[in-house]
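A.B. asks: Listed below are the residues making up each chain.
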Amino acid sequence: MRQGFLAKNPSVLWFLLLLALFTLAVTLMAQAGLVSTSLVKTLGKTLCLCLVAVAMDVVWGYCGILSLGHMAFFGLGGYAIGMWLMYARTEAIVAENLAARPIPPTPQEISDAIGSQIFGVVGSSDFPPVWAFAHSLPLQLMAALLVPGLLALVFGWLAFRSRVTGVYLSILTQAMTLALSLYLFQNESGLRGNNGLSGLQNIPGYGHVPQSTISLVFLWASALALGAGYILFAWVVSGRMGSVIRAIRDNEARVRFLGYPVEGFKLFVFTLTAVVAGLAGVLYYPQAGIINPAEVAPIASIYLAVWVAIGGRGRLYGAVIGAAFVSLLSSWFTGGSAPPIDLGVYVIQWTDWWLVLLGLSFVAVTLFAPKGIGGLFDLITARRPVEEERVGDYGPDQGAWRRREGQEEA
Amino acid sequence: MTTLLEVNGVSVTFDGFRAINNLSIQIGEPELRAVIGPNGAGKTTFMDIITGKTKPDEGRVLWGDKGASLLGMSESRIAQEGIGRKFQKPTVFEAQTVAENLGMALKQRRGPLRVLFGRDRGSEAERIAAIAAEIGLADQLTRISGELSHGQKQWLEIGMLLAQDPRLLLVDEPAAGMTPAEREHTTDLLKRAAETRAVVVVEHDMEFVRRLDCKVTVLHEGSVLAEGSLDHVTRDQQVIDVYLGR
Ligand SMILES: Nc1ncnc2c1ncn2[C@@H]1O[C@H](COP(=O)(O)OP(=O)(O)OP(=O)(O)O)[C@@H](O)[C@H]1O
Ligand SMILES: [Mg+2]
Numbered sequence: 001m002r003q004g005f006l007a008k009n010p011s012v013l014w015f016l017l018l019l020a021l022f023t024l025a026v027t028l029m030a031q032a033g034l035v036s037t038s039l040v041k042t043l044g045k046t047l048c049l050c051l052v053a054v055a056m057d058v059v060w061g062y063c064g065i066l067s068l069g070h071m072a073f074f075g076l077g078g079y080a081i082g083m084w085l086m087y088a089r090t091e092a093i094v095a096e097n098l099a100a101r102p103i104p105p106t107p108q109e110i111s112d113a114i115g116s117q118i119f120g121v122v123g124s125s126d127f128p129p130v131w132a133f134a135h136s137l138p139l140q141l142m143a144a145l146l147v148p149g150l151l152a153l154v155f156g157w158l159a160f161r162s163r164v165t166g167v168y169l170s171i172l173t174q175a176m177t178l179a180l181s182l183y184l185f186q187n188e189s190g191l192r193g194n195n196g197l198s199g200l201q202n203i204p205g206y207g208h209v210p211q212s213t214i215s216l217v218f219l220w221a222s223a224l225a226l227g228a229g230y231i232l233f234a235w236v237v238s239g240r241m242g243s244v245i246r247a248i249r250d251n252e253a254r255v256r257f258l259g260y261p262v263e264g265f266k267l268f269v270f271t272l273t274a275v276v277a278g279l280a281g282v283l284y285y286p287q288a289g290i291i292n293p294a295e296v297a298p299i300a301s302i303y304l305a306v307w308v309a310i311g312g313r314g315r316l317y318g319a320v321i322g323a324a325f326v327s328l329l330s331s332w333f334t335g336g337s338a339p340p341i342d343l344g345v346y347v348i349q350w351t352d353w354w355l356v357l358l359g360l361s362f363v364a365v366t367l368f369a370p371k372g373i374g375g376l377f378d379l380i381t382a383r384r385p386v387e388e389e390r391v392g393d394y395g396p397d398q399g400a401w402r403r404r405e406g407q408e409e410a
Numbered sequence: 001m002t003t004l005l006e007v008n009g010v011s012v013t014f015d016g017f018r019a020i021n022n023l024s025i026q027i028g029e030p031e032l033r034a035v036i037g038p039n040g041a042g043k044t045t046f047m048d049i050i051t052g053k054t055k056p057d058e059g060r061v062l063w064g065d066k067g068a069s070l071l072g073m074s075e076s077r078i079a080q081e082g083i084g085r086k087f088q089k090p091t092v093f094e095a096q097t098v099a100e101n102l103g104m105a106l107k108q109r110r111g112p113l114r115v116l117f118g119r120d121r122g123s124e125a126e127r128i129a130a131i132a133a134e135i136g137l138a139d140q141l142t143r144i145s146g147e148l149s150h151g152q153k154q155w156l157e158i159g160m161l162l163a164q165d166p167r168l169l170l171v172d173e174p175a176a177g178m179t180p181a182e183r184e185h186t187t188d189l190l191k192r193a194a195e196t197r198a199v200v201v202v203e204h205d206m207e208f209v210r211r212l213d214c215k216v217t218v219l220h221e222g223s224v225l226a227e228g229s230l231d232h233v234t235r236d237q238q239v240i241d242v243y244l245g246r
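Line order of the protein sequences matches chains A and B. By UniProt numbering, the letter at position 262 of the first sequence is numbered 262, and the numbering carries on one by one without gaps. By UniProt numbering, the letter at position 190 of the second sequence is numbered 190, and the numbering carries on one by one without gaps.
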């Protein structure tokens with residue numbers, strides 16, 4: 001750290017510069033009316049997705065834990081902030097309505113009125129216990145980070161302690177996010193079942209501020225969070241810590257024999273990335289306006305892994321590129337903006353075929369370009385990792401024995 | 001010389017096959033010990049048991065002045081206790097540089113937060129450089145270790161072992177893939193290390209063992225066949241039959 005962390009990681013500076021330029025450019029264009037409010041929101045949301053993708057890259061690309069459940073943490077962050085947003089806004093509306101009455105309403109009356117407003121859709125008006133802190137923004141913000149963090153801590157502790165790795169771990173994380181989504185789907189969960197939380201774009205106390213301004217504020221907040229998260233993770237995966245994390249990915253048994261408590265490291269990475277995913281969710285859902293249990297369905301976390309794979313795992317900017325590229329492309333295709341292709345006998349509607357295209361690209365990247373889009377940067381920089389086939393060579397020169405020959409000899 | 005490690009009546013069975021059979025060995029501190037024996041005698045498995053990779057079916061493994069049992073400890077805990085190991089097949093982190101490999105092995109606190117916040121102390125670079133000089137990789141520090149030759153990887157792993165500064169060094173076939181001059185250097189290194197620590201060396205090369213000039217334990221079918229000076233064990237008829245005479 002002392003000897004210039006940024007100097008040793010020039011890509012961080014480049015990234016921050018580009019991010020700042022991007023945010024500035026979007027702001028200026030939005031104010032000039034060249035970029036619509038909804039596009040600003042899409043871009044702001046994309047930055048949040050980039051942040052959770054960077055976290056995913058650290059846990060998967062660097063530490064080798066293919067978590068297929070990180071969007072659960074993202075969703076939990078969203079639910080936590082959504083509860084405050086809904087509560088505070090409903091409270092303001094209710095207070096306004098009741099103020100017209102001749103007799104001032106009791107706190108109980110206000111609470112009941114808020115309850116029936118929020119929970120009317122699920123045929124209830126009582127506040128479930130999970131809403132205990134919904135009146136307080138600081139408490140809900142803390143919950144937005146603590147709940148994903150604690151869930152990751154407990155889940156990770158159980159899984160890593162019993163040395164669950166590889167596919168089994170991925171399946172477990174899928175089960176976790178599926179369980180969460182099924183739980184949220186129930187009306188009894190107290191989070192409005194499949195209705196989810198809505199109206200989140202209305203920021204309590206700022207009703208008079210137009211959405212065009214609010215969208216820019218969130219764009220900046222998201223950019224700030226992405227920049228900070230990028231620096232944080234670049235720092236975590238640099239130096240000795242980065243060495244150990246990558247070593248765990250490549251050969252965790254060997255790391256144990258060096259005396260490192262591998263489970264502790266995995267737990268640290270898993271939990272930290274979960275907290276950052278929660279933060280990304282906090283910023284995402286006010287821009288999306290609505291959150292429902294489908295957001296934490298298993299498929300969401302699989303998409304996250306696909307973005308990182310397509311962008312190039314094992315490098316933070318790769319994750320950003322993948323998330324931005326694929327999610328923007330996805331909203332273009334599924335939003336109906338992509339022109340259908342008329343094959344004469346069949347018309348390709350992209351809303352139907354986009355997923356097929358995405359799946360094929362994923363397979364193609366996995367097979368033919370395992371370094372992903374980010375791998376293109378190796379062509380212009382000096383970064384030359386050992387070629388895959390040369391790892392395990394017995395000698396430095398071309399004629400040297402390969403691993404197989406060496407093993408046959410041994 | 002006090003007893004540092006005591007392996008007592010240990011047995012291991014793999015799918016009904018008894019790889020280690022009622023094995024008892026004591027290692028002192030400081031001591032240099034060579035372990036020899038035919039292929040499949042259980043030499044590597046013996047090291048697996050000490051380092052926690054393999055859990056024995058029965059027996060005791062006691063460690064240190066207080067005689068703590070190693071059997072309940074995790075691999076990383078055992079390594080932290082001061083037991084370092086070099087594997088038979090060199091296993092270094094091939095995607096990382098020589099300096100990074102050595103840096104990871106350097107003796108220091110191993111917890112995640114310690115590693116995260118306690119980084120880049122100037123003295124570490126010096127220690128890495130000193131070890132690299134010792135193992136002849138001083139000008140290779142920035143190389144990706146996957147590019148090193150087999151012999152160099154052996155050296156790197158020996159360097160990682162030295163960097164850990166353990167009380168007990170378990171060294172499995174260090175000389176494989178080395179030139180005669182390198183073998184000589186390795187014996188010097190191990191002998192010097194054994195002046196202050198316990199060093200257990202598994203090796204097939206008899207010349208190498210002779211140069212170590214230390215007590216020898218012969219393993220066969222998972223138990224001790226003979227123990228003593230090299231001349232003593234090489235005169236033993238059983239040893240000649242199962243190992244030397246082949
Ligand atoms: N994990 C395992 N599962 C099943 N069998 C094993 C396992 N590990 C070792 N063995 C068997 O135990 C026996 C002892 O193996 P070990 O590797 O300890 O021998 P060694 O003395 O190191 O031999 P070498 O000189 O070839 O290295 C061998 O027959 C081996 O096949
Ligand atoms: Mg062996």
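Honestly, the hints are just simulated from the structure, not real lab data. Here the structure is a predicted model, which is why all the values come from computation and not from measurement. For each residue, glycine too, the CB sits at the ideal point set by N, CA and C. Be careful, since some hints might not be right.
If you want the ones that stay clear, here's a sample from chain B, every Cβ over 10 Å from chain A, calculated [said to hold, decoys possible]:
1. Arg60
2. Glu94
3. Glu100
4. Ala181
Capping the alpha-carbon separation at 20 Å, the derived lysine to any residue pairs in SDA-like fashion look like this [unchecked claim]:
5. B:Lys53 / A:Lys8
6. B:Lys89 / A:Asn251
7. B:Lys107 / A:Thr165
8. A:Lys8 / B:Ala95
9. B:Lys55 / A:Val164
10. B:Lys89 / A:Asp250
11. A:Lys371 / B:Lys107
12. B:Lys53 / A:Arg249
13. B:Lys53 / A:Glu252
14. A:Lys8 / B:Leu141
15. B:Lys55 / A:Asp250
16. B:Lys53 / A:Leu34
17. A:Lys8 / B:Lys55
18. B:Lys53 / A:Lys371
19. B:Lys215 / A:Ala88
A.B. asks: Let me make sure I understand: some of the numbered hints might not hold for this structure. Which ones are they, in numerical order?
C.D. replies: Hints 2, 3, 5, 7, 11, 15, 16, 17, 18 and 19 not satisfied by this model.
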